[in-house]
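Asker: Residue numbers (our numbering), protein chains in the order written: chain R, 1 to 320; chain L, 1001 to 1224; chain F, 2001 to 2545.
If you are wondering where the hints come from, they were derived from the structure by calculation, not from laboratory data.
We put the beta carbon where it would ideally sit given N, CA and C, even for glycine.
Among the hints, erroneous ones may be present.
Unchecked claim - The calculated DSSO-like cross-link candidates involving lysine-lysine, where the alpha carbons are at most 27 Å apart (straight line), are:
| id | chain 1 | residue 1 | chain 2 | residue 2 |
| --- | --- | --- | --- | --- |
| 1 | R | 61 | F | 2290 |
| 2 | F | 2532 | R | 51 |
| 3 | R | 112 | R | 189 |
| 4 | R | 200 | R | 168 |
| 5 | F | 2200 | F | 2532 |
| 6 | R | 61 | F | 2532 |
| 7 | F | 2521 | L | 1020 |
| 8 | R | 107 | R | 168 |
| 9 | R | 61 | F | 2200 |
As the list claims (entries may be wrong) - What the simulated footprint calls covered on chain L by chain F, stretch by stretch (three residues with Cβ under 8 Å from a Cβ of chain F suffice, anywhere in the stretch; the number is not a length):
| id | stretch |
| --- | --- |
| 10 | 1043-1049 |
| 11 | 1135-1149 |
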Amino acid sequence: MNSGGFFHLLPNASTYAGPEDVLWWSMVGLCSAIAIGVFVVMFVFCIRYRKGRPADRTLAKETLPVELTWTFVPLTIFMGIFVWSLFLYAGTRTPPADAETIYVVAKQWMWKIQHPGGQREIDTLHVPVDVPIRLMMTSQDVIHSFSVPAFRVKQDVLPGRYTQLWFKAIEVGNYRLYCTQYCGLDHSKMGGKVIVMSRKDYARWLDRHDSGTSLAAQGAALFRAKGCSGCHGANASVHAPDLDGIYGRIVHLADGRTVAADDRYIHDSIMLPDKQVVAGYAPIMPAFSGELTESQVLALMAYLKSTRPGTQPAHESTRR
Amino acid sequence: MNSSAASIREQGRRARGLVKEQYDDAGQQHATAQFGMWVFLATEVLFFGVLFASYAICRIRNPEAFLLGSQHTEILFGAIEAGILLLSSATITFAVNLIPFDAREWVTGLLVLTALLGLTFLVLHGIEYSHEYDEHLMVGVDYAQHGAHARGIELFFFLYYALTLYHSLHVLIGVCVLATMAMLVWRRRIRSEYTTPLVLAGLYWHLVDIVWIFLFPLMYLIGR
Amino acid sequence: MNATVITPDLPELEPPRSFFAHGSGLRSWLTTRDHKRIAILYTITITLFFVLGGVAAAMMRINLVTPDGALMSAETYNKTFTFHGVVMVWFFLIPSIPATLGNFLLPLMIGARDLAFPRLNLMSWYLFVIGGCFTIACLLLGGVDTGWTFYTPFSTLFSNTNVILVAVGVFVTGFSTILTGLNFIVTTHKLRMPGMTWFKLPLFVWGMYAVSLVMVLATPVLAMVLSLIGLERIAHVGIFDPALGGDPLLFQHLFWFYSHPAVYIMILPAMAVVSEIIPCFARRRIFGYKFMVYALIGISVIGFLVWGHHMFVAGMSATAALVFSILSFIIAVPSAIKVFNWTATLRRGNISFEAPMLYALGFVGLFMIGGMSGLMLAAPALDIPLHATYFVIAHFHYVMVGGTVMAYLGGIHYWWPKITGRMYSEGWARFAAVLMFFGFNFTFFPQYVLGYLGMPRRYHAYPPQFQTLNILSSAGASILAISYLLPFLYLGWSLYRGARAGSNPWNARGLEWQTTSPPPKQNFLARPVVRKAYAYDEPAPGTTA
Chain R
1 MNSGGFFHLL PNASTYAGPE DVLWWSMVGL CSAIAIGVFV VMFVFCIRYR KGRPADRTLA
61 KETLPVELTW TFVPLTIFMG IFVWSLFLYA GTRTPPADAE TIYVVAKQWM WKIQHPGGQR
121 EIDTLHVPVD VPIRLMMTSQ DVIHSFSVPA FRVKQDVLPG RYTQLWFKAI EVGNYRLYCT
181 QYCGLDHSKM GGKVIVMSRK DYARWLDRHD SGTSLAAQGA ALFRAKGCSG CHGANASVHA
241 PDLDGIYGRI VHLADGRTVA ADDRYIHDSI MLPDKQVVAG YAPIMPAFSG ELTESQVLAL
301 MAYLKSTRPG TQPAHESTRR
Chain L
1001 MNSSAASIRE QGRRARGLVK EQYDDAGQQH ATAQFGMWVF LATEVLFFGV LFASYAICRI
1061 RNPEAFLLGS QHTEILFGAI EAGILLLSSA TITFAVNLIP FDAREWVTGL LVLTALLGLT
1121 FLVLHGIEYS HEYDEHLMVG VDYAQHGAHA RGIELFFFLY YALTLYHSLH VLIGVCVLAT
1181 MAMLVWRRRI RSEYTTPLVL AGLYWHLVDI VWIFLFPLMY LIGR
Chain F
2001 MNATVITPDL PELEPPRSFF AHGSGLRSWL TTRDHKRIAI LYTITITLFF VLGGVAAAMM
2061 RINLVTPDGA LMSAETYNKT FTFHGVVMVW FFLIPSIPAT LGNFLLPLMI GARDLAFPRL
2121 NLMSWYLFVI GGCFTIACLL LGGVDTGWTF YTPFSTLFSN TNVILVAVGV FVTGFSTILT
2181 GLNFIVTTHK LRMPGMTWFK LPLFVWGMYA VSLVMVLATP VLAMVLSLIG LERIAHVGIF
2241 DPALGGDPLL FQHLFWFYSH PAVYIMILPA MAVVSEIIPC FARRRIFGYK FMVYALIGIS
2301 VIGFLVWGHH MFVAGMSATA ALVFSILSFI IAVPSAIKVF NWTATLRRGN ISFEAPMLYA
2361 LGFVGLFMIG GMSGLMLAAP ALDIPLHATY FVIAHFHYVM VGGTVMAYLG GIHYWWPKIT
2421 GRMYSEGWAR FAAVLMFFGF NFTFFPQYVL GYLGMPRRYH AYPPQFQTLN ILSSAGASIL
2481 AISYLLPFLY LGWSLYRGAR AGSNPWNARG LEWQTTSPPP KQNFLARPVV RKAYAYDEPA
2541 PGTTA
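Produce the complete structure using the sequences and hints provided.
Answerer: Printed below as a string of structure tokens:
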């Protein structure tokens, strides 16, 4: 990592890091100013009004205006900081539409990464520079947290649900990745690195690690191997919902609710199918929660997403 | 030293140990104890509040499972238990209101009756538990439900047991307290000039009742 | 000016029997209902726990001198920080000021003979001891590795340690906290002496009242949450288990609904103590008394609404994050008011710098730094990088250790003459206070930098680039440790050799200074004189200026 001065130990390696640093240093400046101000005033009072020193010690009668001043001035400042932080924070929540999705599964004590092209890696994440990356993350066991200080990003990774995080790296280099949610024995070893490469190097890296099947294609294979196609396939005799283009559709549930088929819905429909039953179908699907790993669910989901109308569904033979 | 009649009575109470040394008079002591009980009840509300809040969250997440789960409970038992607790609240209210008249036999009788009603509640609930055990609904011991919503129903029953067990624990403590009160009234330790413990016991018993009034519809009635 | 003020020293005419002399032997102590004796029982017990927790802290700091964590294995380290957290939070910080100084002083300050429920008070101490025994038993049986926060599903489904045992310990101790709070609320409402109106109460009493509200309304939530963890471990199912459709975040919400107010259980009493010490040594009425009262109550009420700021990166919705963020900024306002008012109290005072005053001034400084770093964490945009790093560790140690422990020791020094009837060595006490201030900053300021650089908390080993700052921190910790040991020596010495204190050595104005030192069992021999709080502009009662 680059050096050069004490406070440059931490590089600003993402688009968020710069603006975040401005807020951070402004806050450091503001807090130091207040702290030094109060210390100086205390110090002056302690000297000027120390015991035995002649000084004017008459009491001030009217304190209300002073009190109101130092109630509302801090309040105004705090609200200003709040609004500033609000705008920054809002930007961290929604990834840009053109973000590339990479899947992350955390388990005690490693990070398993799956690229859409089927490349897998552990504890290392290769990303291209200047491309917004959206990480879709879930945990196989306890709560973990994905943290890259150089990018100023962090997001807890929970079992049983998907959390997302996005960043756009702006500097080629290696950056440390930490787990920052205590997760048991080897919590402190659950780290790794994020390797930011130029787009050309990244494309070359993807090629070198191409396993031959994309994530969606792996999902398509699983779809058959685990028996999903037996009921949800086109020629199935069992009455089960057709899953082509399911992702993002509005689904009507048996209990009268309508939900959007997002990541979590699809995950839960595979792992805990009786939680949300589609209207008009019998709740006969077995739960796959003991059957599939979170990585496999992600592959299935990638496959289901690839069946969106207008796109060519992935097949086992599809090469990237 | 003031020689008014009130003061003399006060001296007498203090001499017999009815007014503790930190209080000025019996009125202050009574008001203080009662206020303390209300604060304790506030604590209890928060204690049960966690379970009710968890219930709300889990039910929002699993609406159908909770309706189905509630159909597994025994509404007849639940309703009778609700009736018993309401009745017992009435009997203890009579006891608390009669104690200033020193109606010793009546008060003792009403307290014993209240305690017995509480015991009946516990017995009925025990029977309910045994039925649930037979139906393999005992979460963590023997839970074997299959088909749709089995897991959601398991959540429902986890909360059902947590809530009813904590409530039954409170009933059990209440029964012991009521039995003690009955004994103290019978031995004239609680009487018109010193009613505080009985008043506090009454407040506590009403809480036990109120918890059930919330618990009963949420656990027994929603699915029907 | 105040050299001419002579306090009426009744004891010199006819020394009354102090509460120490009222019965002797272990039995008389273990069955006592005297709030003053129970306070001393609590002081001894929490001091033991402070030492235990401090040893754990020292072990951690030694381990972190090298990046690979040479002293202990990862498993031992995880158990050590869990033990440190559990002991320091529930067995030292939460009872620290309320159960010791509060227990001793609350009745004295309102002119009462005892707390409203003395037997409940004793029971609360026994519950505390029983809870402590569970926790120590758990340590002896191998410890717990969940962290003091018991996050699910790690604590329910994955940890192989004695989680239930320590949960029972904390559960039982929780009831001791509730009973103390209940006792204080009722006592403040019902046992104030005639003439002691609400706005004549010293801020110490207001602080105890505010903290008791939190104790009574937040602690039962913790008790129930811990019992749900226990049930889930026994039954292997539960509402926090994601495999069932339960929600681990529900646990975090419930836990922080208690644990954030618990932070105010720790800091409000510290503010209360400092609000007594500063006026006394500045010889001034506290600046803006009513605002200080509103700030105390405001903090305890808003404190219930900000728990979500512990969960900004836990997966909460953006809306929720913004609501919790704005509330967290709002709660900083009353804290700021307090800092300004303490400073303003110094103005036009007649300030002397005895040891309690040094502790109090140290508190104001450290609390302010800790509070302002909290402001940064209240902004979600900054919390994202800083969350769960050493920045957070430094933040809450500034508030809890720099704040609460400094104030606790300040209070102990301030009321030591009242409690024991003896004076300690002023020189040593001042030296310890100054050493503590520097040792503390030396220990924890580097941790702010570590946090900014991204070092995560609860790490047994860390990347080598963090070593320099960690060595600094550990070196500071050794100074801090010495400064904590010093009071044991000179305060212990004073018990046997200290000069007699007299009833009012600081020439202070609270009711507690109008009785003898140590006070008699019934607290007051003659009815004390009630005036407005902090009447430092008037001579002490019964004196001619």
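Asker: Counting residues of the stretch 1043-1049 of chain L whose CB is closer than 8 Å to a CB in chain F, do you get three or more?
Answerer: Answer holds; 6 residues pass the 8 Å Cβ test.
Asker: Compare the distance between the alpha carbons of residue 61 (chain R) and residue 2200 (chain F) with 27 Å, and conclude whether the hinted pair is satisfied.
Answerer: holds (18 Å)
Asker: For the pair supplied as a hint, residue 61 (chain R) and residue 2290 (chain F), confirm whether the alpha-carbon distance does not exceed 27 Å.
Answerer: Answer holds: residue 61 (chain R) to residue 2290 (chain F) is near 14 Å, not above 27 Å.
Asker: Holds or violated: residue 2521 (chain F) and residue 1020 (chain L), Cα atoms, limit 27 Å.
Answerer: Between residue 2521 (chain F) and residue 1020 (chain L) the Cα gap is close to 14 Å, so the pair holds against 27 Å.
Asker: Would the pair residue 112 (chain R) and residue 189 (chain R) pass a check requiring their Cα atoms to be no farther apart than 27 Å?
Answerer: holds (14 Å)
Asker: What's the verdict on residue 2532 (chain F) and residue 51 (chain R), does the C-alpha distance respect the 27 Å limit or exceed it?
Answerer: holds (24 Å)
Asker: At least three residues with a C-beta closer than 8 Å to a C-beta of chain F: is that true for the stretch 1135-1149 of chain L?
Answerer: n = 4 at 8 Å, threshold three: holds.
Asker: Has the given pair, residue 2200 (chain F) with residue 2532 (chain F), been kept, meaning a C-alpha gap of at most 27 Å?
Answerer: Within the cut-off at roughly 5 Å; holds.
Asker: Within 27 Å, alpha carbon to alpha carbon, are residue 107 (chain R) and residue 168 (chain R)?
Answerer: Roughly 25 Å separates the two Cα atoms, so the pair holds.
Asker: For the pair we were handed, residue 61 (chain R) and residue 2532 (chain F), check the Cα-Cα distance against 27 Å.
Answerer: Holds: residue 61 (chain R) and residue 2532 (chain F) sit about 16 Å apart, inside 27 Å.
Asker: Hey, residue 200 (chain R) versus residue 168 (chain R), does the alpha-carbon distance stay inside 27 Å?
Answerer: holds (16 Å)
Of the hints listed earlier, there is not a single one the structure fails to meet.
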